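> Sequence:
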Amino acid sequence: MLLAAKTAAQEGKDVITAMLVVGLIFLGVIVLGELSKWIRHRR
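First residue of the sequence shown? That's 41 in our numbering, and the numbers climb one at a time after it.
These are computed hints drawn from the structure, not numbers from a lab.
Hints are supplied without guarantee of correctness; some may be wrong.
[What the hints assert, rightly or not] Derived Cβ-Cβ restraints for the label pairs, each shown as a range:
1) 78 to 45: 41 to 51 Å
2) 54 to 83: 42 to 52 Å
3) 76 to 55: 24 to 34 Å
4) 46 to 83: 32 to 42 Å
5) 53 to 73: 28 to 38 Å
6) 82 to 45: 49 to 59 Å
7) 82 to 60: 45 to 55 Å
8) 77 to 56: 28 to 38 Å
9) 68 to 46: 25 to 35 Å
Bear in mind that the values here come from a model prediction, so they are computed numbers and not experimental data.
From the three backbone atoms N, C-alpha and C, an ideal C-beta is built for every residue, glycine too.
With these hints in hand, go ahead and build the complete structure from the sequences.
Set out below in structure tokens:
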């Protein structure tokens, strides 16, 4: 388990990557909701 220890820079990079992924998921959900609302409004 000691061999799998990461440096602070690697941990920070992983955290930032995870935050970006979560942000993109939230953005995708918002965009899909707005798009479906716009499509329903046009009918």
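> Next step is simple, just say for each hint if it's right about the structure.
Verification of the supplied hints:
1. 78 to 45: 41 to 51 Å: holds (49 Å)
2. 54 to 83: 42 to 52 Å: holds (44 Å)
3. 76 to 55: 24 to 34 Å: holds (32 Å)
4. 46 to 83: 32 to 42 Å: violated (52 Å)
5. 53 to 73: 28 to 38 Å: holds (31 Å)
6. 82 to 45: 49 to 59 Å: holds (55 Å)
7. 82 to 60: 45 to 55 Å: Because 33 Å falls outside the window, the suggested range is violated.
8. 77 to 56: 28 to 38 Å: holds (32 Å)
9. 68 to 46: 25 to 35 Å: holds (29 Å)
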